[in-house]
Amino acid sequence: MDFDFTEEQKNFREEVKDFLKSELEKGYFKPRQNAWMDELSQEFSKKMARRRWIGLTWPKEYGGQGRSYIDRMIMQEEMMKAGAPLAFHFLGDRQVGPTLIRFGSDELKKEFLPKIINAEISFCLCISEPDAGSDLASVRTTAEEKGDYYAINGQKVWTTLGHMVDFGWLLAKTNLNPNVPKHRTLSEFILDMKAPGVTVQPLINILGIHTFNEVFLDDVRIPKNRIIGERDKGFDQIMEQMVYERAGIERLMQNYPVKVCLVEYAKTTKRNGRYLWEDPLIRNTIATLEIEFNVGRILCYYVAWTIDQGKVPNYEASVCKIFCTQFEKKLSDVATQLMGLYGQVLPGSKWAPFGGIAPESYLWSPSYTLQGGTVEILKNIIALRGLKLRTK
Amino acid sequence: MDFGLNEEQTILKNETRRFLKNECPIDFVKEMIEDEKGFSPSLWKKMAELGWMGILFEERYGGTGGTFLDLSVILEEMGRVLLPGPFFSTVILGGVTIMLSDDEALKQRFLPGIASGDMIMTLALTETEGSYAIERVESIGEPRLDGYVLRGKKMFVSDAHIADYIIYPARTDQKYQSGGVSLFIVDSKREGIEITPLICLDLQRQFEVNFRDVHVLKNSMVGGEGEGLNLIQGMWPIIVTGKCCEMLGAMQQVLEMTLSYVQKRHQFGRPLSAFQAIQHYCADMAIDLECSRWITYQAAWRLSNGLPSRKEVAMAKAWSSGAFKKMTVIAHQIHGAIAFTKDYDLYLYYRYAKAGEITFGDENFHKEVVAREMDFQDQ
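Quick mapping for you: the protein sequence lines, in order, are chains Z and H. Numbering-wise (my numbering), the first sequence opens with residue 1 and increments by one. Numbering-wise (my numbering), the second sequence opens with residue 1 and increments by one.
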């Protein structure tokens, strides 16, 4: 057992911190909690690419560094702490690359992996549909084989950054035989978002921010060689990808600044003549969050370690994501409550404590326990796959 | 980072589990609750032969020179089966105090006896206030020419009825507000010691121990005069983390019992495990267990490696106290009425979890420790 990092890992963390510090000092990015998922900065991603930090865990034969998931988590932890803009390479690095390496044809690997690793292209996910959310196998968008292409027809939703990126990771139905079980009818494709027939329409979230989109696909042609892995095996492939989506530290670290501000606020703010931090109830509440944050952090590294052991962390990543997203929700709730009346003042007002990140996070927070698998779906995974409960 | 046990620890864990599964089935636990002594001397002897009692002691004291992490593995398995008896009292509350005392004569006098299973010990950590604030000890150690006279009531002293020796904190200097507390190791048969059982929901026996002018010799002092507070503070993380390890094992058992029950029990023509409400309860229990496991092992690993661990230990106990209790409450809900009977075994864990929650500092106690650690912490 060892709960410490190696010297090499400690040095790596320092290297990442130094990089971020210097970028910040030069004003190359403005720290923002959601920048990792909604701020496309090809320039920033290129700088990471030059340091070989994209594809850190990919095998060397594909241009990666073949390093551990613990290493990647160290990097990711520091990037999240700093509020760095990672969205340009994020999905390519985390999901698309590893899936191509695992399932993709040599041709696709050769075409896409170098572009991802060099921060030349960006991706979005075209997976969920209006009638296929948690029940993903119910996807209805069709991919009909016609000569040397697939004709795609249907509608996707919750496509983050779909209006700005180059490619979409698409899940569509390739087998229309109603007698085949739904999860044996789907395939994965790489979709050119600029292709004729792709219409992207904004979906504005409850903060009034546009990151989500609806994507309408009307006889869009995808060349046949852009199918990923085996035809009709897309569901199993995507289930495995989702595990890696849940295996990150993003969910814990995204709101790290809220935690920092909360503690500082309590220590520096007087109410009724004494600092909030002197109130036993407030100390207790904040200590609870501190403990939960630390528990969540160990869970994240445990998941990374599990992957490094060569296992798909189905159960572990579900435990981790449930825990961390629930922590996040609680954090913004407690922070806004503790700031009292000022806990409602949003970014843009000079009266907003710490720029209003706490109420902003509170507005985001209903989405935390939904995206990438709802808490309920994840509990099903824990019960049925992890604990192997019988249903008959 | 490495979240796995090493090979020796894995073997130790498996062997401990196998041994306890045979030697300490749940019926034995129930039998011991009714037993006058509350433990089996023959099982105690066997455990000593396996080297468990001396696992932390150096070889020259009859021990095997293991690490705290080795002991953690054993404690976890003991918690799993609710092993009755004075292991925790003897080895941790007694043995570790002596080990940390830096008193060679004392170590030679007591550690080999503990390691061989011939000596049972306990520590009188709390008084009538029921708190762990050792600096506020009110019991008195009055100096005499040949030694001291000890006077004062202790509460919640575990296994005092079978302990050969009781370690007794007493104030030997009235001048200091927080210092001036010394520890004495006292033969429990000495005149003036009155031991009365407390009727508790805990499975472990706890006692009211009254010292009425008990004469002890100078050499019965553990560590130097006025060193009591330092000694207790030094061993406190080991006590607290040790308890977390026991609770961790018990939590695993509660989850396993529940998983087995929900797949056997049928209602509405299906096993309970087919119902999503039940599945989600089970998932909640699994999450609490995983969190407890890693926050506890982080503390144990730090202690084992001599690293600063005040915050980590407090986090482990604050978390585990709540998590274990919550798990037993959910387990009872899932099991339904059957587990509300004495024929079933779950109530033993339910009791154990409540006692574990409040013993050696509850959630609020340890959260305040975490808050204090945050007082000066850079973010």
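No wet-lab data here; the hints were simulated from the structure. Please note that the accuracy of each hint is not assured.
[To be verified] Here chain Z is said to cover these stretches of chain H; the calculated rule only asks that three of the stretch's residues, wherever they fall, bring their Cβ under 8 Å from a Cβ of chain Z: (1) 125-135; (2) 231-243; (3) 250-263; (4) 290-301; (5) 348-355.
Where a beta carbon is used, it is the ideal one built from N, C-alpha and C, also for glycine.
So, going through the hints one by one against the coordinates:
Look at the segment 125-135 of chain H against chain Z: 0 of its residues bring a Cβ nearer than 8 Å to a Cβ of that chain, fewer than three, so the hint is violated. Restraint check on the segment 231-243 of chain H versus chain Z: 0 residues with Cβ-Cβ distances below 8 Å, three needed, restraint violated. Restraint check on the segment 250-263 of chain H versus chain Z: 3 residues with Cβ-Cβ distances below 8 Å, three needed, restraint holds. Chain Z is given as covering the segment 290-301 of chain H, and this holds because 7 residues of the stretch bring a CB closer than 8 Å to a CB of that chain, at least three being needed.
A stretch counts as covered by a chain when three or more of its residues have a beta carbon under 8 Å from one of that chain; for the segment 348-355 of chain H and chain Z the count is 0, and the coverage is violated.
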